[in-house]
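Chains as they are written, first to last, in my numbering: chain P, 1 to 248; chain X, 1 to 318.
There could be a bad hint or two in this list.
Below, simulated DMTMM-like cross-link-like pairs (lysine to aspartate or glutamate); rule was C-alpha separation at most 25 angstroms, straight line [stated by the list, open to error]:
{"id": "1", "chain 1": "X", "residue 1": "K313", "chain 2": "P", "residue 2": "D239"}
{"id": "2", "chain 1": "X", "residue 1": "K291", "chain 2": "P", "residue 2": "D27"}
{"id": "3", "chain 1": "X", "residue 1": "K316", "chain 2": "X", "residue 2": "E286"}
{"id": "4", "chain 1": "X", "residue 1": "K59", "chain 2": "X", "residue 2": "E33"}
{"id": "5", "chain 1": "X", "residue 1": "K291", "chain 2": "P", "residue 2": "D12"}
{"id": "6", "chain 1": "P", "residue 1": "K223", "chain 2": "X", "residue 2": "E198"}
{"id": "7", "chain 1": "P", "residue 1": "K161", "chain 2": "X", "residue 2": "E142"}
{"id": "8", "chain 1": "P", "residue 1": "K50", "chain 2": "P", "residue 2": "D105"}
{"id": "9", "chain 1": "P", "residue 1": "K219", "chain 2": "X", "residue 2": "E142"}
{"id": "10", "chain 1": "P", "residue 1": "K219", "chain 2": "P", "residue 2": "D230"}
{"id": "11", "chain 1": "P", "residue 1": "K227", "chain 2": "X", "residue 2": "E84"}
{"id": "12", "chain 1": "P", "residue 1": "K185", "chain 2": "X", "residue 2": "D235"}
To be clear about the criterion: a stretch of chain X counts as covered by chain P if any three or more of its residues have a C-beta under 8 angstroms from a C-beta of chain P, and this derived list gives those stretches [unchecked claim]:
{"id": "13", "segment": "28-42"}
{"id": "14", "segment": "181-188"}
Under 10 angstroms between C-beta atoms, here's a sample of chain P residues computed to sit facing chain X [unchecked claim]:
{"id": "15", "residue": "I17"}
{"id": "16", "residue": "D109"}
{"id": "17", "residue": "I118"}
{"id": "18", "residue": "P126"}
{"id": "19", "residue": "T154"}
{"id": "20", "residue": "E156"}
{"id": "21", "residue": "G160"}
{"id": "22", "residue": "P199"}
{"id": "23", "residue": "L200"}
{"id": "24", "residue": "F217"}
These are computed hints drawn from the structure, not numbers from a lab.
Source: prediction; values computed, not measured.
Glycine residues also receive a C-beta, built at the ideal position from the N, C-alpha and C atoms.
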Amino acid sequence: MKILVCISHVPDTTSKINFTDGDTKFDTNGVQFVINPNDEFGLTRAMWFKEKQGANVTVVNVGGPETEPTLRKALAIGADAAIRINTPAIDGFSVAKELAKVVQDGGYDLIIAGRESIDYNGGMVPGMLAGLIGANFVNTCVGLEVDGTSATATREIDGGKETVSTSLPLVVGGQKGLVEESDLKIPNMRGIMMARKKPLTILEPTADGSGTSSVSFEKPAPKGAVKLVDAGNLDELVDLLHNEAKVI
Amino acid sequence: MSVLVYTESEQNKFKKVAFEVASYAKAVADALETTVTAVTVNTDDTSELGNYGVDKVLKVSSEDLDSFNAKSYADVLQQAAEAESAQVVILSSSADSKYLASLLAVGLNAGYASNVVAAPSNTSPFTVKRSAFTNKAFEHTEIKTDVKIIGVSNNSFGLVEKSGAAAAEDFGASILESGVKVESIDKATDKVTIADAEIVVSAGRGLKGPENWGMVEELADVLGAATACSKPVSDLGWRPHGEHVGQTGKPVASNLYIAIGISGAIQHLAGINASKVKVVINTDPEAPFFKAADYGVVGDAFEVVPELIEKLKAFKAS
């Protein structure tokens, strides 16, 4: 089985978010970048398929040279090869089109992407990729088993879960649950050394097929101070929620 | 030319988000000086949609659509969008709508903006405001394609009632077979979901153990709220993953969010920031959550919560 894991290079979850150039660009100054958490759960599940079922795992990212350390980290975790498509990620549609080309050329059976990236939160790349290549698609996937060309997946739905049966080729929009937080791997020295020798192929983009473009950003208005209520006077809290906030 | 909106139902009854996306569609249609067409799947009585600005309803009925299937549903919506020459398609942010949206975008070759929080600020160029960086910021996004898809963030636009009547007609869509088959659904039907809830009661490690969740559930019961939890609590296995809210969990955009024994890590706050009113109950007055909350109680959750339950019961009874 050939697995492609799509990796987004995103600011660490603790990052402070700021913008530059008249609020048109994300300010990367002092920001630590990581593998998108939703992608990391998928990558770790792919490692399981590698160990147990002999799968071959390639990671791919659409982005400039600055995203390579993130791909190297994925190689250090255990992926066999990496591909970087050398263009800034404009929007989900253009990223999906670039990835579709990689999938078609590489003949991958299973493609795992995160449900969404934690920076732009578009949540559209896995579905668009599936649509473009005509593969089956399971979103918000929290469990995945593959047996030959058959797959069983668990999908999180509003208020519960559902189990689906499907077949390869398959695109999965993954998240926590594909593996547990405690299953995530921290690269060891041997992995980091080996990652340096693994192939990282750079491909040039094929076409700009974006559907949206970012115009500008703004930060939420600063919050007023908290109104403290004495623990011995909860009637006041009920009153505030009813009469002032009007939420009960 | 029209604005098409997918109005979701469950067991023949519209979900609340259906009326919110209909209200949003009406605002877009007004800006574009056109009408709103809603698509419903296996819903008998669609008259309520007229109260939210829908002019016309395309009713799709098929046993093959009894359980949700993203590919088949996206294809039905594509057929409707093409039949109506829809310029804009409006969807909710439910798990199902987010699932089908990207497939529909490919089918219609449409630019798709998700998590949109306000009516378009401009229709030429077509520009919307959406949440990004998990609610730490907003992005103004231009949708450049001829056909546009907007995913409206739940509970962001609200309901706008209109007096009107929606003319319903049957829409005979062909049903595309999907390669993904639903085998079983495990869903608590008697519980409010985090996505639909107006009030969410959430608790963290301050509760010391899963055996102490009884009072959280009771508080949620009294308020008709959904229950949620912080990331450490779901990682420890005290509560199911489906309850984890925050940056890598579910987003929350409720009217009221009550956080009990949650310190307020930046990742947690990001995920719940879209909630309108936040209440924090924590023993530590230095907990970061107090900086993000509207109302706070410094105190022991094991004393405050049971007492709050009694006060709320009295309030509800009055």
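Does P199 of chain P meet its interface restraint, that is, does its C-beta lie within less than 10 angstroms of any C-beta in chain X?
violated, 30 angstroms
K185 of chain P paired with D235 of chain X [C-alpha distance capped at 25 angstroms]
It holds: about 15 angstroms lies between the C-alpha atoms, which stays within 25 angstroms.
Agreement of K227 of chain P and E84 of chain X with the hint, judged by alpha carbon distance not exceeding 25 angstroms:
violated, 51 angstroms
Once the shortest beta carbon distance from P126 of chain P to chain X is found, is it less than 10 angstroms?
holds, 7 angstroms
Hint validation: E156 of chain P versus chain X, beta carbon distance must be below 10 angstroms. Holds or violated?
holds, 6 angstroms
Hint F217 of chain P vs chain X: min CB-CB distance below 10 angstroms?
Result: holds, 5 angstroms to nearest chain X Cβ.
Keeping to a limit of 25 angstroms between CA atoms, is the pair of K59 of chain X and E33 of chain X held or broken?
holds, 24 angstroms
Under a C-beta cut-off of less than 8 angstroms, do 3 or more residues of the segment 181-188 of chain X approach chain P closely enough to confirm the stated coverage?
holds (count 8)
Quick one, are K161 of chain P and E142 of chain X close enough, alpha carbons at most 25 angstroms?
violated, 34 angstroms
Holds or violated: K316 of chain X and E286 of chain X, Cα atoms, limit 25 angstroms.
violated, 32 angstroms
Holds or violated: are the alpha carbons of K50 of chain P and D105 of chain P at most 25 angstroms from each other?
Between K50 of chain P and D105 of chain P the Cα gap is close to 21 angstroms, so the pair holds against 25 angstroms.
25 angstroms limit on alpha-carbon distance, applied to hinted pair K313 of chain X and D239 of chain P:
Status holds; Cα separation ~13 angstroms.
Of the numbered hints stated above, those contradicted by the structure are hints 3, 7, 10, 11, 13, 16, 22, 23, listed in ascending order.
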